[in-house]
Amino acid sequence: MKDTEQKFLRDITQQLDQSVESLDGATRSRLNRIRHQALEQTSASPRGLRNWLWAGSAALSAVVLALVIYVGLPSQQPGDLQPPQIAGQVDSTAPPIEVAAIHTLPDDLDLDDLEILLDGDDLEMLTDLEFLSWAGSQEEVGG
Amino acid sequence: METFLASVQERAFRTAEIATRSRDDALDIVQDTMYDFVRRYADHADDQWRPLFFRVLQNKIRDWYRRTAVRRKFGGWLAFAFQNNEGGRREDPFEQVADAKGITPADDLELQDSLSRLSQALENLPHKQQQVFLMRAWEGFSTKETAAIMKCSEGTVKTHYFRALKTLQKKLQDYWP
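First to last, the sequence lines map onto chains A and B.
Position 99, counted from 1, in the first sequence is what the numbering used here calls 99; the numbers after and before it change by one each time, with no gaps.
To convert, take the position in the second sequence, counting from 1, and add 143; that gives the numbering used here.
Everything labelled a hint here was simulated from the structure, so no lab data went into it.
Note that beta-carbon positions come from the ideal geometry of N, C-alpha and C, so glycine has one too.
Be a bit skeptical, because a hint or two may be false.
Derived contacts from chain A toward chain B, CB cut-off under 10 Å, selection only [claimed, not checked]:
#1 D3
#2 D11
#3 I12
#4 Y70
#5 V71
Here are the simulated PhoX-like pairs of lysine-lysine, each with C-alpha atoms no more than 25 Å apart in a straight line [claimed, not checked]:
#6 B:K314 / A:K7
#7 B:K294 / A:K7
#8 B:K309 / B:K287
#9 B:K294 / A:K2
#10 A:K2 / B:K287
#11 B:K313 / A:K2
#12 B:K271 / B:K313
#13 B:K294 / B:K314
#14 B:K271 / B:K314
#15 B:K309 / A:K2
#16 A:K7 / B:K313
#17 B:K309 / B:K271
#18 B:K271 / B:K294
#19 A:K2 / B:K314
#20 B:K271 / A:K7
#21 B:K271 / B:K287
Output of the computed footprint for chain A on chain B, the stretches with three or more beta carbons under 8 Å from beta carbons of chain A [what the hints assert, rightly or not]:
#22 171-177
#23 188-194
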């Protein structure tokens, strides 16, 4: 990272810190009230009942998910062998063809890459030399 | 938990205020964030609290953006219909209390001037760039942590952060060369 960039970031964070320190009394007081109210809700709620509700809903979700998977399983998986079946042209001597697995993404395609490919702006950035050089310097400093 | 919340509440408020440009909306967002955070994550290890808290905060800011977008579409006439004739807002007695830190009016003016320039520059950034910048530069989260907080990829964090940085440098270059 360049020195000028570091200094710029330092200046900005100092300003933001000062903006927090200079918050008015009314806002601080309101924030304190909000904090106390938020903390009171946990002490007021029956924790045991809440945990039981969580456990119950988790178990129910697991059962529903298992049912959905069981019922929704296709009879043929990608990779299964299947003879060609064209109406009126069943050729029992034809070699079996593989059910296409083209619906699935290639194994080596990272989700990050996919997001970049779907976002036109990000794709544009990949050809921006200034960005690439900056990104390289970020990697070096471990960002 | 109380110490942790006290340590982040004002920074969370400023982050929300920059996003919404409204003190009241920012306070509402911090309130929702604290309630949700305490309810969902009080049992988690305390070293996980900070990223989780900011993740909840970002969710609340995103919800606010969605609501505001809908309100902008349909709410013009509704706002008129429900307008309070007396201005609507009650005076908060704390606003009349004098500053206890002894900041002189001249100091305050200078600080407010530089803060307003920075706030304006930040507020004018596109939402995602703005929040990625605040998480990375101000809160000090890594690219990976910011990606988890903002629910996007590390590549997206890098591009948004770079763009925000360049825009801010350009806008504030006369002030902070």
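Agreement of K271 (chain B) and K313 (chain B) with the hint, judged by alpha carbon distance not exceeding 25 Å | Since the Cα atoms of K271 (chain B) and K313 (chain B) sit roughly 19 Å apart, the hinted pair holds (cutoff 25 Å).
Under the criterion that the straight-line Cα-Cα distance not exceed 25 Å, is the pair K271 (chain B), K294 (chain B) satisfied?
-> Given pair K271 (chain B), K294 (chain B) holds - Cα atoms ~11 Å apart, limit 25 Å.
Interface hint outcome for Y70 (chain A) [beta carbon to chain B under 10 Å] = violated (31 Å)
Would you settle whether the hint for V71 (chain A) is holds or violated, based on the nearest Cβ-Cβ distance to chain B being less than 10 Å?
-> Violated: closest Cβ of chain B sits about 31 Å from V71 (chain A), beyond 10 Å.
Interface hint outcome for D11 (chain A) [beta carbon to chain B under 10 Å] = holds (5 Å)
Holds or violated: K313 (chain B) with K2 (chain A), Cα cutoff 25 Å?
-> Holds: K313 (chain B) and K2 (chain A) sit about 16 Å apart, inside 25 Å.
With a cut-off of 25 Å on the C-alpha distance, tell me whether K294 (chain B) and K314 (chain B) pass.
-> Violated: K294 (chain B) and K314 (chain B) sit about 28 Å apart, past 25 Å.
Satisfaction of hint between K271 (chain B) and K309 (chain B), Cα-Cα up to 25 Å = Holds, because 15 Å separates the two Cα atoms, which is no more than 25 Å.
Take the C-alpha atoms of K2 (chain A) and K287 (chain B), compute the straight-line distance between them, and say whether it is at most 25 Å.
-> holds (21 Å)
Quickly compare the C-alpha distance for K314 (chain B) and K7 (chain A) to 25 Å and report which way the hint goes.
-> holds (16 Å)
25 Å Cα cutoff - pair K7 (chain A), K313 (chain B) | Roughly 15 Å between the alpha carbons, so the hint for K7 (chain A) and K313 (chain B) holds.
Verify the proposed pairing of K294 (chain B) with K7 (chain A), using a straight-line Cα cut of 25 Å.
-> Distance of about 29 Å is beyond 25 Å: violated.
In this structure, the hints that do not hold are numbers 1, 4, 5, 7, 9, 13 and 23, in rising order.
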